[in-house]
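Student: Since chain W is already given, all that's left is putting chain P with the ligands on it; use the hints.
So the sequences go chain by chain: W and P.
So in numbering that gives the first Met the number 0, spot 108 of the first sequence is number 107, and the numbers just go up one at a time.
So in numbering that gives the first Met the number 0, spot 185 of the second sequence is number 184, and the numbers just go up one at a time.
No lab work stands behind these hints: they were computed from the structure.
Heads up, some of the hints might be wrong.
Dumping the calculated SDA-like pairs for lysine to any residue here, alpha-carbon to alpha-carbon at most 25 Å [stated by the list, open to error]:
id	chain 1	residue 1	chain 2	residue 2
1	W	K246	P	R187
2	W	K230	P	E303
3	W	K211	P	Q136
4	P	K279	P	K307
5	P	K279	W	N13
6	W	K15	P	P284
7	P	K218	W	S233
8	W	K31	P	A228
9	W	K211	P	D139
10	P	K123	W	T164
11	W	K196	W	G78
12	P	K214	W	S121
13	W	K242	P	G281
14	W	K15	W	S89
15	P	K214	W	N243
16	W	K230	P	A306
17	W	K151	P	L182
18	W	K240	P	Q287
19	P	K272	W	A227
20	W	K15	W	V30
21	P	K279	W	D235
22	W	K144	P	F177
23	P	K307	W	V247
24	P	K66	W	A236
25	W	K31	W	K192
26	P	K66	W	S166
27	P	K184	W	T164
28	W	K240	P	V294
29	W	K230	P	A249
30	W	K242	P	S194
31	P	K123	W	P222
32	W	K218	W	D11
33	W	K144	P	K307
34	P	K272	W	A221
35	P	K123	W	D80
36	W	K242	P	G295
37	W	K242	P	E305
38	P	K153	W	P182
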Amino acid sequence: MKIIVSVKRVIDYNVKVRVKSDNSDVDLSNVKMALNPFCEIAVEEAIRLKEAGIASEIVVVSIGPNAVQEQLRTAMALGADRAIHIETESQPEPLNVAKLLAKVMEAEEPGLVILGKQSIDSDNNQVGQMLAALTRRPQGTFASKVTVEGDKALVTREVDGGLRTLSLTLPAIVTTDLRLNEPRYAKLPDIMKAKRKPLELKTPADFGVELKQHILQLKVEAPAQRQAGIKLDSVDALIDKLKNEAKVI
Amino acid sequence: MSILLIAEHDNSTLNPATLSAVTAASQLGGEITMLVVGNACQSVADEAVKVMGISKVLLADSDVYEKGLAENLSALIVELAADYSHIIAAASSTIKDTMPRVAALLDVGQLTEIVAVESVDTFKRPIYAGNAIATVQSRDAVKVITVRTSAFEKAKAEGGNANTEVVDVVFDMGVSRFVSEELVKSGRPELTAASTVISGGRGLGSAENFSLLEKVADKLVAAVGASRAAVDAGFVSNDLQVGQTGKIVAPELYIAVGISGAIQHLAGMKESKVIVAINKDGEAPIFQVADYGLVGDLFEILPELEAKL
Ligand SMILES: Cc1cc2nc3c(=O)[nH]c(=O)nc-3n(C[C@H](O)[C@H](O)[C@H](O)COP(=O)(O)OP(=O)(O)OC[C@H]3O[C@@H](n4cnc5c(N)ncnc54)[C@H](O)[C@@H]3O)c2cc1C
Ligand SMILES: Nc1ncnc2c1ncn2[C@@H]1O[C@H](COP(=O)(O)O)[C@@H](O)[C@H]1O
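Next up, chain W with everything else stripped away, as it sits in the complex (with noise of 0.2 Å):
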């Protein structure tokens, strides 16, 4: 079985992002750029799904500029077995990501699609519903567990009140919660071997599909901030504060 990992290149997790002055957008510029830690998991899930012998080949997709083949290149060293790279000026929608890899999934013809729950600078959640909706194909988001038996896929989800457990005819869409798994790092021999492995250059043309803009950004703004308030040096000065200056117990 072929599993294909969808996978974005974003704000590394701990940076504290500034809004530009002009509120036009979030300042990039000299920032640590790195995988998506939810797509990590993906390529992790990916990858163990080969070393059980389930999957024979991992392809992954990235969909951006030219930079995100950095990211490419990072999920092959950690295993990956070839890339494809579908450029566009910056990264699109989430509808226009999931277009593409409809269109991916068409020529390729994967049991399994496995993408992040979400993106951490976007923070949409939408892509891999988007994509089970496009091609009719059952969804297993926010997974905590994947199983795969015959041409079934056993997915664990966390849901708001505990776990939920669906089981899905393949080829069937994933997508990952942080519990999955803990991805490992990429050892510099297979960093190096990774600078070797296919990488396949695409553009939304040789799909046929036409990016559209759904959703202006308009403005971007920094949120209020809170003020750092006082410490206190007993738990009776606590309770004090909380039954007398803030009236909330």
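Tutor: Okay, now just chain P with the ligands, sitting in the frame of chain W:
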């Protein structure tokens, strides 16, 4: 303008998150139709007709909809979509699973977790774990929207007088099947609805130690939350995680115990009205957002707090 609002429920009662979505929808102006889809959920529809601001309730009741499988729910919503300019719901896990499918099937974008309504097509939403707030405008004919419930007051649950209409189309896509679930039962208030939340982090050290925090929670009638580190370490179950990728809460009082205050955690609680931090490290970033801080050992502070409350 006409709005279709998807109710959040467990087949027996209406989840109060729905009432926050009603408030967001009311700010758009126009008639609001509430869709109740589930199995044997007449009691939910009976609550829905009384919600202030609702003009009609659609009830789609079938065993196919029992577990809210996204494939089937989204097909139903898309079937009904033609009559509406806006499709809106509280950002619950079911809705996060379902709404992007609705948007894709309608060939429109989705506006995720709005925190303010600026006009019928323009909204505010947090990005980058809440470190920036974007004002976004939809260019699509139909606006598909999920609502961050902590940002909107709840509409009144009583006083309305809507009619119920039965929808009897049933969609069963047949590609996914419910197998089992483990739902956490707790006698405490629900995390996203509670007016007081007390959360524990890695500093608690073990699942057993969480009982120190639970005793304080019982005194305060508070919900219990956790950082991701505490969940990962297996101290508590995943549904308690507060943060960018967990639950978003904005209670009257939030008490963070043994939590350092990573940006991903702050993203889930910094809109709380009053924040208390208890941490032995006086430099921990949580103190930068806390109204009241106590620097000290939680193993001494929690029992004392419990005793004195
Ligand atoms: C993609 C992604 C998403 C994430 N999403 C979330 C999320 O939704 N929610 C979330 O919480 N995190 C999230 N995280 C993790 C986040 O980055 C932090 O790692 C996490 O919040 C740390 O949890 P903590 O504060 O409990 O642990 P730590 O950072 O280890 O802090 C423990 C604190 O306890 C204090 N302490 C220890 N012992 C005591 C004692 N005896 N008395 C008093 N204080 C004590 C220490 O001083 C320290 O400040 C995410 C990370 C990633 C990469
Ligand atoms: N530009 C992109 N290229 C490849 N995959 C993407 C891209 N954008 C989003 N994804 C995938 O979709 C997931 C969810 O993203 P989102 O819906 O934007 O929050 C990510 O974790 C990726 O797996």
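Student: All hints, please: hold or fail.
Tutor: A quick look at each hint next to the structure:
1. W:K246 x P:R187: Since the Cα atoms of W:K246 and P:R187 sit roughly 22 Å apart, the hinted pair holds (cutoff 25 Å).
2. W:K230 x P:E303: 17 Å, holds
3. W:K211 x P:Q136: 14 Å, holds
4. P:K279 x P:K307: 20 Å, holds
5. P:K279 x W:N13: Roughly 22 Å separates the two Cα atoms, so the pair holds.
6. W:K15 x P:P284: Holds. W:K15 to P:P284 sits at ~13 Å (cutoff 25 Å).
7. P:K218 x W:S233: 19 Å, holds
8. W:K31 x P:A228: 23 Å, holds
9. W:K211 x P:D139: Since the Cα atoms of W:K211 and P:D139 sit roughly 11 Å apart, the hinted pair holds (cutoff 25 Å).
10. P:K123 x W:T164: With Cα atoms ~34 Å apart, P:K123 and W:T164 exceed 25 Å; violated.
11. W:K196 x W:G78: 10 Å, holds
12. P:K214 x W:S121: 38 Å, violated
13. W:K242 x P:G281: 24 Å, holds
14. W:K15 x W:S89: Holds, at roughly 21 Å.
15. P:K214 x W:N243: 23 Å, holds
16. W:K230 x P:A306: Measuring from Cα to Cα gives roughly 21 Å; hence the hint holds.
17. W:K151 x P:L182: The given pair, whose Cα atoms are some 24 Å apart, holds under the 25 Å limit.
18. W:K240 x P:Q287: Holds. W:K240 to P:Q287 sits at ~18 Å (cutoff 25 Å).
19. P:K272 x W:A227: 13 Å, holds
20. W:K15 x W:V30: 9 Å, holds
21. P:K279 x W:D235: 17 Å, holds
22. W:K144 x P:F177: Cα-Cα ~15 Å, so holds.
23. P:K307 x W:V247: 16 Å, holds
24. P:K66 x W:A236: With a Cα-Cα distance of about 48 Å, the restraint between P:K66 and W:A236 is violated, given a limit of 25 Å.
25. W:K31 x W:K192: The given pair, whose Cα atoms are some 24 Å apart, holds under the 25 Å limit.
26. P:K66 x W:S166: Between P:K66 and W:S166 the Cα gap is close to 13 Å, so the pair holds against 25 Å.
27. P:K184 x W:T164: 17 Å, holds
28. W:K240 x P:V294: 16 Å, holds
29. W:K230 x P:A249: Given that 25 Å is the threshold and the Cα spacing comes to 22 Å, the pair holds.
30. W:K242 x P:S194: 15 Å, holds
31. P:K123 x W:P222: 11 Å, holds
32. W:K218 x W:D11: Roughly 23 Å separates the two Cα atoms, so the pair holds.
33. W:K144 x P:K307: Distance ~43 Å between W:K144 and P:K307 Cα, so the pair is violated.
34. P:K272 x W:A221: With Cα atoms ~19 Å apart, P:K272 and W:A221 stay inside 25 Å; holds.
35. P:K123 x W:D80: 41 Å, violated
36. W:K242 x P:G295: 21 Å, holds
37. W:K242 x P:E305: Judged against 25 Å, a Cα distance of about 15 Å means the pair holds.
38. P:K153 x W:P182: Answer violated: P:K153 to W:P182 is near 40 Å, above 25 Å.
In summary, the numbered hints that this structure violates are 10, 12, 24, 33, 35 and 38.
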